[in-house]
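K.L.:
Read off the chains here:
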Amino acid sequence: MKTFLADSVFFGAVVSLAAYEAGLLIRKKFRLAVLNPLLIATVSVMAVLLLLDIEYTQYNESARYISYLLTPATVCLAVPLYQQLGLLRKNLKAVAGGITAGVLASLVSVLVLAKLFSLTHEQYVTLLPKSITTAIGMGISEELGGIQTITVAVIIVTGILGNVIADFVCKLFRIEEPIAKGLALGTASHAIGTAKAMELGEVEGAMSSLAIAVAGLLTVIGASFFANLM
Amino acid sequence: MKFLRQFIIILAVSFAGELLHILIPLPIPASVYGLVLMLLALCTGILKLSQVKETAGFLIEIMPVMFIPAAVGLLDSWSALQPIWLPVVLITILTTILVMAVTGQITQCMIRSDRQKKQRKGTKNT
Chain X
850 MKTFLADSVF FGAVVSLAAY EAGLLIRKKF RLAVLNPLLI ATVSVMAVLL LLDIEYTQYN
910 ESARYISYLL TPATVCLAVP LYQQLGLLRK NLKAVAGGIT AGVLASLVSV LVLAKLFSLT
970 HEQYVTLLPK SITTAIGMGI SEELGGIQTI TVAVIIVTGI LGNVIADFVC KLFRIEEPIA
1030 KGLALGTASH AIGTAKAMEL GEVEGAMSSL AIAVAGLLTV IGASFFANLM
Chain Z
64 MKFLRQFIII LAVSFAGELL HILIPLPIPA SVYGLVLMLL ALCTGILKLS QVKETAGFLI
124 EIMPVMFIPA AVGLLDSWSA LQPIWLPVVL ITILTTILVM AVTGQITQCM IRSDRQKKQR
184 KGTKNT
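Protein chains in written order, with my numbering: chain X, 850 to 1079; chain Z, 64 to 189.
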């Protein structure tokens, strides 16, 4: 049975999708921000793998067909962005200012905290690209001499965290404008945050998609400078 | 057939993005090139919204699911993370809240001051 599950081409995909569906049901029932469907799905799949003693690589053999769609889906983020282009033109200055400030806040805060915790240079550059989309972040980490597996892990945790705490943070800091909410989610927690922004509304989703690309590109430039500071 | 045709277009743009990723030596992923290409194609009218809209909407809707395999992959990176997990967790939580608050607040302040300026201009003119 175990080898059958491990070798199956569908097991990983079915478990992942079913876990997400369960996450949606649980959220509908309890309406708590912590009960985020992605978080529930991730934890339950981990539990299933540990319980059935299945290696991650074996699970990913079939689950990777889900990840395969990530590039086409990211490409599709251009569609809501295109639909909100007029709004973007009208608020161009605010959008550019907001994303730039967010990227700087990310780099500066990682620098300050890394010094505070006296991390090594290698650990510092590993964390520098933590707020941007995985593919760009991995590239930056590699180029600056960071530890790629940790960068990927931190980027994903940042994404899920942002997705879960978005409502709370927006309420706490009185962020009410849909454009501001969207940019905040995309700049702080990339595509996983954008998934949350899409749930909030069309404007939020479009602005969050924009922030993934712009914040990612600004971080490519910013991180190479900040890497020399520690 | 509509969905098939839309899916072909989306995959073709992704493929073009992949091509740019290989040709240009920058750490920018195929997906970001593809996003920009798709936006350009829509803006210039090479593609019409109706040629991608429904399938794009579907893919975006199920997007969170696509992160599950990568997130479950944290199981494997645990051993690398273990020696520095506490500072990493603290840095992750603090910076994520900070970036979200700064981006949101700055954007909101700029939007609102813009709006006030425009309103003042409006009252002057009347």
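Hint data in this document are derived by calculation from the structure and do not stem from the laboratory.
Every residue gets a Cβ at the ideal spot worked out from N, C-alpha and C, and that includes glycine.
Some hints here could point you the wrong way.
[Said to hold, decoys possible] Reference listing, derived: stretches of chain Z covered by chain X, where coverage requires no fewer than 3 residues with Cβ under 8 angstroms from a Cβ of chain X:
| # | stretch |
| --- | --- |
| 1 | 98-111 |
| 2 | 177-184 |
[What the hints assert, rightly or not] Label pairs and their computed distance ranges (CB to CB):
| # | chain 1 | residue 1 | chain 2 | residue 2 | range |
| --- | --- | --- | --- | --- | --- |
| 3 | X | Y917 | Z | K184 | 14 to 24 angstroms |
| 4 | Z | D177 | X | L866 | 11 to 21 angstroms |
| 5 | Z | I156 | X | A871 | 19 to 29 angstroms |
| 6 | X | H970 | Z | K181 | 30 to 40 angstroms |
| 7 | X | V961 | Z | W148 | 17 to 27 angstroms |
| 8 | X | L936 | Z | A143 | 16 to 26 angstroms |
| 9 | Z | A143 | X | L1021 | 31 to 41 angstroms |
| 10 | X | F1074 | Z | I156 | 41 to 51 angstroms |
K.L.:
Hint by hint, say whether it matches the structure.
P.N.:
Each hint tested on the structure:
no. : hint                                  : in the structure
1   : 98-111                                : holds (count 7)
2   : 177-184                               : violated (count 1)
3   : X/Y917 to Z/K184: 14 to 24 angstroms  : violated, 51 angstroms
4   : Z/D177 to X/L866: 11 to 21 angstroms  : violated, 44 angstroms
5   : Z/I156 to X/A871: 19 to 29 angstroms  : holds, 26 angstroms
6   : X/H970 to Z/K181: 30 to 40 angstroms  : violated, 48 angstroms
7   : X/V961 to Z/W148: 17 to 27 angstroms  : holds, 20 angstroms
8   : X/L936 to Z/A143: 16 to 26 angstroms  : violated, 42 angstroms
9   : Z/A143 to X/L1021: 31 to 41 angstroms : holds, 33 angstroms
10  : X/F1074 to Z/I156: 41 to 51 angstroms : violated, 25 angstroms
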